[in-house]
Amino acid sequence: MAAEGSIFDLGYARYEGARLGRPAALRALFAYSVRAAFGLGRGIGAKIGPMGLTLVVAVPALIQIAVSGLFRGEAEVIRAEDYYSYVRTILAVFVAVVAPDLLMRDVRSNTIVLYFARPLERTDYALVKLGTLATCLLFLTIGPQLLLFIGNALASPSIGDFLREEWDQLFPIIVSACVTALVLAGVGGAIAVQTTRRVFAAVGILAFFLLAATFAVVIAETVDAEGADYALLASPFHLMSGATTWIFRAQPEGEIARAALPGSLYFAAALLWAAAGAAIVLRRFRSLKV
Amino acid sequence: MNDWFGTLFVLSLRHVLGQRRVLLVLLLALVPIAAAGIFFGWGRRDPADWTANVLGNGVVISAVVPLATLLLGTAVFGSEIEDGTLVYLLSKPLPRWGIVLAKALAAFFPIALLLSLSSLLSGLLATWEEPLIRVTLALAASAMVAAAGYVAVFVALSLVTSRAMIVGLAYAFIWEGAVTSFLSGAQYLSVRQYALGVFDALAGLPDRTFDEALPSAPLLAAAVIAGALLLATRRLERWEVKGGE
Amino acid sequence: MSGASQPTIVARNVSRWFGNVVAVNDVSFEAYPGITGLLGPNGAGKTTLLHMLAGFLRPSAGTITILGEPVWQNPRLYRRIGIVPERESVYPFLTGWEFVRASAALFGVEDVEERSQRAIQLVGMEQAARRPIGTYSKGMRQRIKVAAALVHDPEVLILDEPFNGTDPRQRLQLMELFRSMAAAGRTIVVSSHILEEVERLADRVLVIYAGRLAAAGEFRALRRMMTDRPHTFTVRSSDDRALAAALILQPFVRGVEFADGCLEVRTTEFGAFTRALPRLARERRIRLTEVRPADETLESVFAYLVNR
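Read top to bottom, the protein sequences are chains A, B and C. Read in order, the letters of the first sequence are residues 38 to 327 in the numbering used here. Read in order, the letters of the second sequence are residues 153 to 397 in the numbering used here. Read in order, the letters of the third sequence are residues 10 to 317 in the numbering used here.
No lab work stands behind these hints, which were simulated from the structure alone. Beta carbons: idealized from backbone N, C-alpha and C, even for Gly. Keep in mind that the hints are not guaranteed to be accurate.
[Claimed, not checked] Here are some of the chain B residues that sit facing chain A, going by a computed Cβ distance under 8 Å: (1) R173; (2) I190; (3) F191; (4) L321; (5) F325; (6) I326; (7) K394.
Required output: the full structure, derived from the provided sequences and hints.
Structure follows, in structure tokens:
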């Protein structure tokens with residue numbers, strides 16, 4: 038039989054519409070990542086962790102509101118500048134739970150190839166994911182603080198007076214929330230991208246935060262040498278505490294008080310660590326072999 | 153009679169030790185030694201106080217043990233479920249309590265070995281001037297109690313939920329870390345507190361130095377371990393393999 | 010085949026659903042010593058059914074008994090059953106020898122060394138068994154799994170897609186092994202979605218489609234049961250035209266077609282046709298040189314059932 042062939046027109050239509058390009062891709066990835074981080078669009082199991090932790094982080098704020106309501110705004114059990122010292126472990130757990138999936142899930146299942154085959158650059162992907170992590174953490178750092186602020190305002194005898202006196206707290210609240218979120222995101226992200234296995238990443242993140250803090254205290258408190266105090270700058274938890282205290286111009290407590298390092302140093306170091314962490318994440322994605 | 157338990161235990165042990173996470177456990181075990189080394193070189197605090205509060209409570213029992221046991225305890229069943237090798241064991245005429253026990257022991261032994269050595273070395277190092285043998289031994293013993301408790305709990309968790317690691321993290325660091333300081337009743341449900349209670353009882357330190365007494369801590373620990381292993385056994389007996397097509 | 014009166018495996022009204030999805034729908038069958046094939050396309054419920062047979066999954070409804078005992082939550086029964094699941098269920102760090110020996114020890118056999126030796130020989134893995142399983146190809150893994158599953162000489166063997174990844178020679182070897190085990194009185198259940206495999210191996214066939222048992226029995230018998238579909242025969246004779254003329258007059262003949270030097274006859278009644286054909290030929294002094302059922306393969310059976 039002679040070789041013949043036919044091609045059939047199945048009605049395949051070319052796409053002639055607008056192509057939104059890179060900015061739209063970035064926006065879409067960001068929105069999707071934030072939703073996925075909190076488990077939206079997935080089963081209930083994926084929601085419990087992040088949302089449960091969000092709730093727990095808000096607990097001190099709720100306690101303060103309850104107390105404040107009872108005592109008509111006279112009591113201050115939880116202060117804004119101390120907030121993160123209460124919840125810092127929980128924030129670390131949140132990073133340990135959310136960061137590995139957020140950053141490495143696509144790498145693990147190799148679907149990241151699909152992302153790189155789009156108008157998205159590698160650094161775009163990495164930055165968006167990091168941004169998502171920081172944004173999620175921002176919910177957790179600003180949210181409860183705002184809750185605290187508004188709660189106190191509502192509980193006080195005169196809202197007008199309260200606002201007049203306390204409005205200048207808003208600036209430190211926002212800045213300290215940002216710094217805290219950035220440090221957590223940068224450090225947590227840098228650790229998360231070291232491995233595709235979720236368990237290792239989670240334990241690694243938590244271990245780093247906790248043990249760095251422990252070691253920093255051990256060194257700063259027990260070692261009498263010159264410069265031992267600078268060990269505190271190696272602990273993300275202490276950077277968060279120190280920077281927050283400095284931003285609020287509050288009185289330092291505990292080992293930070295004893296160390297007597299200038300508050301601005303914590304702030305600068307915090308930003309440095311955040312930047313270094315982000316750089317590590319970017320580098321990892323750039324050098325990723327797919 | 154044939155030694156199925158021995159075979160099972162050796163198999164599980166080889167499985168655990170063959171995984172990369174053992175290296176992380178090794179690293180974690182070095183942390184107390186490093187801390188003690190720093191104290192040895194530059195420390196000015198009362199050694200008993202430091203060993204009990206910083207080394208014992210802070211480093212070993214509250215950080216190193218939970219993290220190490222989380223890594224291995226969730227892996228003994230977790231990695232088998234993930235890799236699909238659990239059916240190999242399930243298709244054998246083995247009593248399910250035997251499987252649970254063998255796996256729990258396979259996770260416990262390496263940790264027990266590493267951490268008891270680590271505790272002894274770091275305790276001796278920290279109290280070098282006048283070795284506080286009693287406190288050091290108490291530290292090693294309470295680390296064992298903590299390890300046993302955590303392994304049992306995490307093994308049970310890995311059979312009860314697919315997100316055992318997250319639940320384990322939440323338990324060890326939120327429940328035991330934060331909640332117990334708010335609700336005093338919660339300490340009766342905290343492996344960390346049991347271990348600290350055992351340490352308090354064995355170390356014989358004055359209350360102003362260290363006070364985490366918990367009446368009947370060993371009993372509570374034993375009850376939790378038994379309960380967790382029983383729960384794990386029950387779950388394994390009813391284990392269902394859900395395969396895709 | 011089924012000389013035994015007692016079925017080894019009995020499934021009664023077995024169903025399994027996952028939420029709203031019914032994976033296995035009211036399946037009942039009996040398996041006897043010999044080889045029973047479980048045939049169906051992927052997603053038909055074969056693996057779910059096999060998991061239930063193996064005691065790895067609890068039926069949502071119905072009962073499964075093997076050797077007279079329920080198989081769910083009955084670990085002791087595994088002394089007499091061997092299971093080869095489809096998924097990877099081997100430890101990559103063990104050598105083949107260690108894997109089979111451990112298997113033997115865990116099954117509680119007395120002479121571990123001897124039995125392991127035999128099992129590995131049966132699957133033809135003596136050389137490769139010294140290497141770690143992590144270095145094996147898929148076919149080798151399958152074979153070592155089979156060895157580990159029969160090291161304790163079980164009366165029942167359940168295999169899920171055992172020929173996956175094996176090359177033709179390995180497949181033949183395994184089939185030979187299963188046939189000899191079946192001849193020795195063992196009950197073997199093999200699942201596959203590949204018609205040729207089941208056709209060549211199984212005495213009895215269970216056809217599963219969309220969770221339901223579409224047919225059960227010896228496949229030729231199944232074929233005959235479906236009388237509303239015509240059988241096709243290929244007939245060669247000394248005078249095809251005359252034979253065709255005679256045949257077309259018969260009521261049970263649906264159609265006659267001339268093909269490459271032979272006749273293709275479609276008939277609705279197997280029995281009537283096979284009796285009538287020699288008679289018709291003899292009456293007209295036509296010599297038959299070949300009479301062959303044209304579509305007795307499992308393929309036609311299956312295609313028919315699926316399209317029903």
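Hint-by-hint comparison with the structure:
1. R173: Since chain A brings a Cβ to about 7 Å from R173(B), closer than 8 Å, the hint holds.
2. I190: 6 Å, holds
3. F191: F191(B) check passes; min Cβ-Cβ to chain A is 5 Å, inside 8 Å.
4. L321: For L321(B), the interface hint holds, since the closest Cβ of chain A sits about 6 Å away, which is under 8 Å.
5. F325: 6 Å, holds
6. I326: 6 Å, holds
7. K394: Where the cut-off is 8 Å and the nearest Cβ of chain A is about 14 Å from K394(B), the hint is violated.
Hint 7 from the earlier list is the only one contradicted by this structure; the remaining hints agree with it.
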